[in-house]
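Chemist: Let's have the full structure, built from the sequences with the hints guiding it.
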Amino acid sequence: MAQVRVTVDGVEYVDDIEPRMLLVYYLRERLGKTGTVIGCDTSNCGACTVHLNGQSVKSCSVLAVQADGAEITTIEGLARDGELHPVQKAFNECHALQCGYCTPGMIMQAVDLLGDNPDPDERAVREGLEGNLCRCTGYQNIVRAVQSAAQAMKPGASAPVDTPTPVAGGQ
Amino acid sequence: MTTTAEPTTPGEIGRARVRKEDARLITGRTRYTDSITPAGTLHIAVVRSTFAHARINAIDTAPAKSAPGVVGVYTAADLGVESVGLPNAWPITPDQKTPQRPLLASSAVHFAGEGVAVVVARSAAAAKDAAELVDVDYEPLDPVLDMEAALADGATLVHPDLGTNESATWVFDSGEAGSGGNVADAISAAEADPDSVVVRRRFIQQRLIPAFMEPRSVVVDPTGEQITFYSSTQVPHILRTMTSVTLGVPESKLRVIAPDVGGGFGGKIGVLPEEMLCVALAQKLGRPVKWTETRSESLLTAHHGRDQIQDITITAKMDGTVTGLDVKLLADMGAYLGLVGGGVPILGAFMFNAIYKIPAYKFTCTNVFTTKTLTDAYRGAGRPEATFAIERIMDELAVELGRDPMELRQQNWIKHEEFPFTTVCGLTYDSGNYEQATRQAMELFDYAGLRREQEERRRSGDPVQLGIGISTFTEMCGLAPSRVLGSLSYGAGGWEAASIRMLATGKVEVITGASAHGQGHETAFSQIVADQLGVPFEDVEILHGDTQISPKGLDTYGSRSLAVGGIAIVDAAQKVIAKARRLAAHMLEADEKDLEFANGTFTVRGTDKGKAIQEIAFAAFMAHDLPEGMEPSLDADAVYDPENFSFPHGTHLAAIEVDTETGRVDVRKYVCVDDVGTVINPLIVEGQVHGGLAQGIAQALFEEANYDEQGTLVNATFVDYTLPSSADLPSFDTHVVSTPATSNPLGVKGVGEAGTIASTPAIVNGVIDAIRHLGVSDVEMPCTSQRVWRAIQDARGRSTQETPVDTHSPGAGLGSIDPNNPQGEVQ
Numbered sequence: 001m002a003q004v005r006v007t008v009d010g011v012e013y014v015d016d017i018e019p020r021m022l023l024v025y026y027l028r029e030r031l032g033k034t035g036t037v038i039g040c041d042t043s044n045c046g047a048c049t050v051h052l053n054g055q056s057v058k059s060c061s062v063l064a065v066q067a068d069g070a071e072i073t074t075i076e077g078l079a080r081d082g083e084l085h086p087v088q089k090a091f092n093e094c095h096a097l098q099c100g101y102c103t104p105g106m107i108m109q110a111v112d113l114l115g116d117n118p119d120p121d122e123r124a125v126r127e128g129l130e131g132n133l134c135r136c137t138g139y140q141n142i143v144r145a146v147q148s149a150a151q152a153m154k155p156g157a158s159a160p161v162d163t164p165t166p167v168a169g170g171q
Numbered sequence: 001m002t003t004t005a006e007p008t009t010p011g012e013i014g015r016a017r018v019r020k021e022d023a024r025l026i027t028g029r030t031r032y033t034d035s036i037t038p039a040g041t042l043h044i045a046v047v048r049s050t051f052a053h054a055r056i057n058a059i060d061t062a063p064a065k066s067a068p069g070v071v072g073v074y075t076a077a078d079l080g081v082e083s084v085g086l087p088n089a090w091p092i093t094p095d096q097k098t099p100q101r102p103l104l105a106s107s108a109v110h111f112a113g114e115g116v117a118v119v120v121a122r123s124a125a126a127a128k129d130a131a132e133l134v135d136v137d138y139e140p141l142d143p144v145l146d147m148e149a150a151l152a153d154g155a156t157l158v159h160p161d162l163g164t165n166e167s168a169t170w171v172f173d174s175g176e177a178g179s180g181g182n183v184a185d186a187i188s189a190a191e192a193d194p195d196s197v198v199v200r201r202r203f204i205q206q207r208l209i210p211a212f213m214e215p216r217s218v219v220v221d222p223t224g225e226q227i228t229f230y231s232s233t234q235v236p237h238i239l240r241t242m243t244s245v246t247l248g249v250p251e252s253k254l255r256v257i258a259p260d261v262g263g264g265f266g267g268k269i270g271v272l273p274e275e276m277l278c279v280a281l282a283q284k285l286g287r288p289v290k291w292t293e294t295r296s297e298s299l300l301t302a303h304h305g306r307d308q309i310q311d312i313t314i315t316a317k318m319d320g321t322v323t324g325l326d327v328k329l330l331a332d333m334g335a336y337l338g339l340v341g342g343g344v345p346i347l348g349a350f351m352f353n354a355i356y357k358i359p360a361y362k363f364t365c366t367n368v369f370t371t372k373t374l375t376d377a378y379r380g381a382g383r384p385e386a387t388f389a390i391e392r393i394m395d396e397l398a399v400e401l402g403r404d405p406m407e408l409r410q411q412n413w414i415k416h417e418e419f420p421f422t423t424v425c426g427l428t429y430d431s432g433n434y435e436q437a438t439r440q441a442m443e444l445f446d447y448a449g450l451r452r453e454q455e456e457r458r459r460s461g462d463p464v465q466l467g468i469g470i471s472t473f474t475e476m477c478g479l480a481p482s483r484v485l486g487s488l489s490y491g492a493g494g495w496e497a498a499s500i501r502m503l504a505t506g507k508v509e510v511i512t513g514a515s516a517h518g519q520g521h522e523t524a525f526s527q528i529v530a531d532q533l534g535v536p537f538e539d540v541e542i543l544h545g546d547t548q549i550s551p552k553g554l555d556t557y558g559s560r561s562l563a564v565g566g567i568a569i570v571d572a573a574q575k576v577i578a579k580a581r582r583l584a585a586h587m588l589e590a591d592e593k594d595l596e597f598a599n600g601t602f603t604v605r606g607t608d609k610g611k612a613i614q615e616i617a618f619a620a621f622m623a624h625d626l627p628e629g630m631e632p633s634l635d636a637d638a639v640y641d642p643e644n645f646s647f648p649h650g651t652h653l654a655a656i657e658v659d660t661e662t663g664r665v666d667v668r669k670y671v672c673v674d675d676v677g678t679v680i681n682p683l684i685v686e687g688q689v690h691g692g693l694a695q696g697i698a699q700a701l702f703e704e705a706n707y708d709e710q711g712t713l714v715n716a717t718f719v720d721y722t723l724p725s726s727a728d729l730p731s732f733d734t735h736v737v738s739t740p741a742t743s744n745p746l747g748v749k750g751v752g753e754a755g756t757i758a759s760t761p762a763i764v765n766g767v768i769d770a771i772r773h774l775g776v777s778d779v780e781m782p783c784t785s786q787r788v789w790r791a792i793q794d795a796r797g798r799s800t801q802e803t804p805v806d807t808h809s810p811g812a813g814l815g816s817i818d819p820n821n822p823q824g825e826v827q
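Line order of the protein sequences matches chains A and B. Here the first sequence is numbered in full-length UniProt numbering, starting from 1 and rising by one per residue. Here the second sequence is numbered in full-length UniProt numbering, starting from 1 and rising by one per residue.
Mixed in with the good hints, there may be bad ones.
[What the hints assert, rightly or not] Between beta-carbon pairs, the in silico distance windows are:
| id | chain 1 | residue 1 | chain 2 | residue 2 | range |
| --- | --- | --- | --- | --- | --- |
| 1 | B | 62 | A | 69 | 35 to 45 Å |
| 2 | B | 31 | A | 156 | 37 to 47 Å |
| 3 | A | 81 | B | 629 | 54 to 64 Å |
| 4 | A | 13 | B | 123 | 13 to 23 Å |
[Claimed, not checked] Stretches of chain B that chain A covers, calculated by requiring three or more beta carbons in the stretch to come under 8 Å of a beta carbon on chain A:
| id | segment |
| --- | --- |
| 5 | 209-223 |
| 6 | 234-243 |
| 7 | 252-263 |
| 8 | 290-303 |
| 9 | 511-522 |
[To be verified] Listing some non-contacts, in silico: residues in chain B with all C-beta distances to chain A over 10 Å:
| id | residue |
| --- | --- |
| 10 | 27 |
| 11 | 193 |
| 12 | 439 |
| 13 | 440 |
Simulated from the structure, these hints should not be mistaken for lab results. Glycine included, C-beta positions come from ideal geometry on N, C-alpha and C.
Modeler: In structure tokens:
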């Protein structure tokens with residue numbers, strides 16, 4: 001057993017875990033953070049994407065012990081004080097989801113993408129989301145949502161902005 | 001595109017409402033099956049065959065039984081389920097060969113991935129660890145991989161007791177049916193006539209994997225009076241009935257719940273061995289039992305789709321008039337028949353003639369067993385295969401005749417004024433306007449301009465050539481009139497059920513038997529009810545996916561939710577209104593005949609006296625003063641059985657650029673105009689079309705399930721099975737025109753499968769059109785860079801190096817890399 005101390009969606013947890021436990025299982029099974037889902041075994045689909053110290057990671061590719069001392073944000077912690085993040089809002093307004101299974105990862109990756117590039121063109125969005133698979137939407141409305149969120153998040157736009165803080169050693 | 005929250009009622013239908021189900025999905029407040037773990041849950045892992053075909057000499061479970069956390073390890077014999085077979089609900093012919101499809105293989109395995117034992121443990125990880133310790137002594141047998149070889153004399157038999165690898169042969173002959181002429185006569189006449197042409201082509205429908213994003217998951221909780229059975233399924237009601245049939249559990253003791261379901265695309269229509277194992281084990285152990293598959297398990301064992309060899313013969317006069325169509329199919333069933341697997345190609349039988357007036361037609365399909373994963377419904381189920389073949393051969397015919405492919409289609413299609421039109425298959429298309437959709441699509445596409453550009457690029461020898469791909473498709477939706485299903489020996493009806501409960505506080509609960517897994521039923525059905533009853537959209541709650549809440553239903557597949565389930569809701573609403581009218585008349589002291597109902601209020605004609613439906617619902621709840629003999633309720637149930645299918649159609653145009661030096665295919669422009677009848681919610685329709693296009697394009701360009709010569713699926717991960725990513729697809733230019741269906745009161749037709757059905761031939765026709773002048777007349781799907789490049793080299797008479805099949809992996813991205821030539825150097 002190994003001990004981890006992590007802050008997830010603003011709450012600190014200390015747990016003894018098996019060293020082999022992946023972060024995604026820790027989030028889902030130990031913390032009940034089932035909003036983050038698992039779609040593949042090979043880190044291709046991105047459904048499990050969360051933010052680790054402000055950077056997007058596929059939580060199936062991180063051991064929970066590697067997150068020791070880290071701050072993690074999942075889809076469940078993205079809305080602040082009952083106010084949806086602009087990317088969440090845009091996904092709803094642009095009909096960027098159908099079954100919703102890829103959505104948590106897609107939104108978390110989109111937030112990260114906009115942190116790196118606040119005004120991406122279509123190509124940049126498509127390439128920035130390449131590691132997140134969706135089987136329902138054909139991606140078109142996802143791209144539209146990300147670009148629409150980018151407009152809403154521009155300085156001067158009314159919506160609140162959650163810019164991830166870049167951390168050395170992030171992906 | 002955004003909406004306001006104002007509780008308006010008129011005009012809900014056609015309004016681009018954002019979806020109400022999104023609120024939980026964008027915040028992670030979801031309830032997928034794998035997120036459900038009742039206290040004390042045990043987890044299972046299935047020990048799977050590593051061989052495609054082998055005898056099982058022995059299974060040693062002892063080491064696994066003593067592994068940490070293991071509760072038990074069971075073979076079929078240990079569970080006493082050796083004689084249990086999973087259901088096949090669609091025996092297509094009376095003499096169909098239907099092998100027993102076991103929960104766990106006992107004496108032999110018939111595909112790689114088939115279960116042979118199951119481990120139960122306290123955690124999923126412990127179960128998986130222990131599954132590795134189960135030692136199975138296999139005696140390998142020859143795999144059966146090629147359909148034609150499987151049918152030849154002396155072939156290795158997948159199921160020796162059946163005496164053949166042929167499951168069934170199903171024939172439709174318009175000459176015999178009396179719905180058209182004899183196609184053999186049409187072909188001999190054409191062959192003898194110098195003024196006619198006969199075009200024969202073989203097309204391959206490669207094997208695909210539905211690859212829904214949510215892996216399948218099952219939780220069976222036997223505590224309590226009823227067994228509670230959660231499953232990531234499209235068909236909770238069918239699953240409940242079939243579980244009773246399969247395991248003998250009384251239907252009334254089973255509660256099946258499909259909670260949030262992360263996509264299906266046909267891939268979650270089924271009754272799974274793992275589902276039945278969970279039920280059997282939960283009963284045996286008295287504890288909740290759970291199974292969640294890994295992605296590799298999903299790709300390996302969840303049913304696949306398509307996989308046909310299509311031999312198509314079309315005859316026509318030199319003036320372009322089509323005179324006959326002969327279709328001969330071989331359809332790969334895999335090792336067993338799934339729930340409706342044998343019937344999938346038969347659904348296509350009625351669609352090969354498509355939108356065309358074809359005087360003579362014959363369809364012959366032989367279903368073949370191989371030692372591969374079984375095939376069953378995948379988005380479109382039979383209809384994409386049919387549409388691909390007819391739209392490809394219309395292009396081939398146009399080439400033979402030297403005609404513009406669109407002009408040739410126009411010459412042969414059913415004209416707008418000819419509706420309703422009874423086809424050579426005996427189906428009556430109620431409505432359609434192919435001219436309108438095509439005209440609009442060609443304008444938006446700039447068909448003439450792109451043809452000029454194509455001509456220019458050919459003339460200049462541009463290394464990047466342009467092709468124009470056409471697909472003018474129709475499909476049959478709204479499965480299905482029960483009498484038609486009966487005539488096809490399908491094991492159920494095609495009706496759908498709905499109930500409406502008018503709550504005391506004025507809210508409305510709508511229960512539908514069509515459970516959603518991404519389609520947006522909660523929003524679209526709310527719009528329909530808001531319109532019907534004149535209540536605010538927000539006040540309508542849609543309940544589904546739980547057989548205790550929604551006891552009656554036939555679930556979601558075949559673009560039926562709106563065209564069948566939606567009409568059941570309308571019928572229930574009409575019954576509510578009829579009941580409310582009686583009570584309203586009583587409350588208003590008026591005659592029912594003098595009441596008008598609009599915007600949720602009954603008014604006495606010519607006065608300002610009125611009662612809102614919510615007030616009437618409250619009066620019914622109070623029941624203090626009701627008309628003589630009236631039940632104190634406005635609630636109503638309805639079951640709707642459609643009279644006919646619905647027939648959406650559309651024109652899809654693709655501008656395809658092919659780099660003739662590398663074989664790279666680029667979808668430069670994609671325009672489609674679909675007629676899906678009345679649109680309830682344009683946002684949802686657009687989303688369905690986008691997603692459908694992506695899946696159809698994926699078949700054309702990216703995806704294929706590949707088996708090596710030992711019968712192992714070599715691309716059972718998302719590394720190798722190349723679902724397109726956002727970077728692989730273009731934006732689409734999608735439009736809708738509406739010719740309302742005349743067969744239902746909403747005028748709706750269905751949209752779930754349209755994009756998938758239409759887009760595959762549009763893309764492939766475009767690829768071939770780009771390089772036909774180089775001598776290429778076909779490229780097998782998926783049209784990867786490698787295949788296109790090889791086709792060009794072949795046409796130029798240049799030899800290329802073969803790719804060993806066991807390392808072949810298709811698709812763009814990683815899959816398009818030639819393993820023998822990873823740098824893509826020109827050889």
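Chemist: Each hint should be assessed against the structure and marked as holding or not.
Modeler: Verification of the hints:
At about 44 Å, the beta-carbon gap between residue 62 of chain B and residue 69 of chain A stays in the expected band of 35 to 45 Å. For the pair residue 31 of chain B and residue 156 of chain A, the supplied restraint of 37 to 47 Å holds, since their beta-carbon distance comes to about 39 Å. Roughly 55 Å separates the CB atoms of residue 81 of chain A and residue 629 of chain B, a value that falls within the hinted 54 to 64 Å. Hint check: residue 13 of chain A to residue 123 of chain B, Cβ distance near 20 Å, so the stated range 13 to 23 Å holds.
A stretch counts as covered by a chain when three or more of its residues have a beta carbon under 8 Å from one of that chain; for the segment 209-223 of chain B and chain A the count is 5, and the coverage holds. Here's how the segment 234-243 of chain B fares: 0 of its residues keep a CB closer than 8 Å to some CB of chain A, so the rule of at least three is not met and the hint is violated. Closer than 8 Å: that is the beta-carbon criterion, and the segment 252-263 of chain B has 4 residues meeting it against chain A, so the requirement of 3 holds. With a cut-off of 8 Å between beta carbons, the segment 290-303 of chain B has 3 residues touching chain A; three or more are needed, and the interface restraint holds.
Note: the segment 511-522 of chain B has 4 residues with beta-carbon separation from chain A under 8 Å; the three-residue rule is met and the coverage holds. Against the 10 Å criterion, residue 27 of chain B falls within the reach of chain A, whose nearest CB is about 6 Å from its own CB. Chain A leaves residue 193 of chain B outside its interface by the beta-carbon criterion, the shortest separation being 46 Å against a cut-off of 10 Å. With a closest Cβ-Cβ approach of about 24 Å to chain A, residue 439 of chain B is found to remain outside the 10 Å limit, as its non-interface label requires.
Separation of residue 440 of chain B from chain A is adequate, the least Cβ-Cβ distance of about 20 Å exceeding the 10 Å criterion.
This entry does not satisfy hints 6 and 10, going by the numbered hints stated previously.
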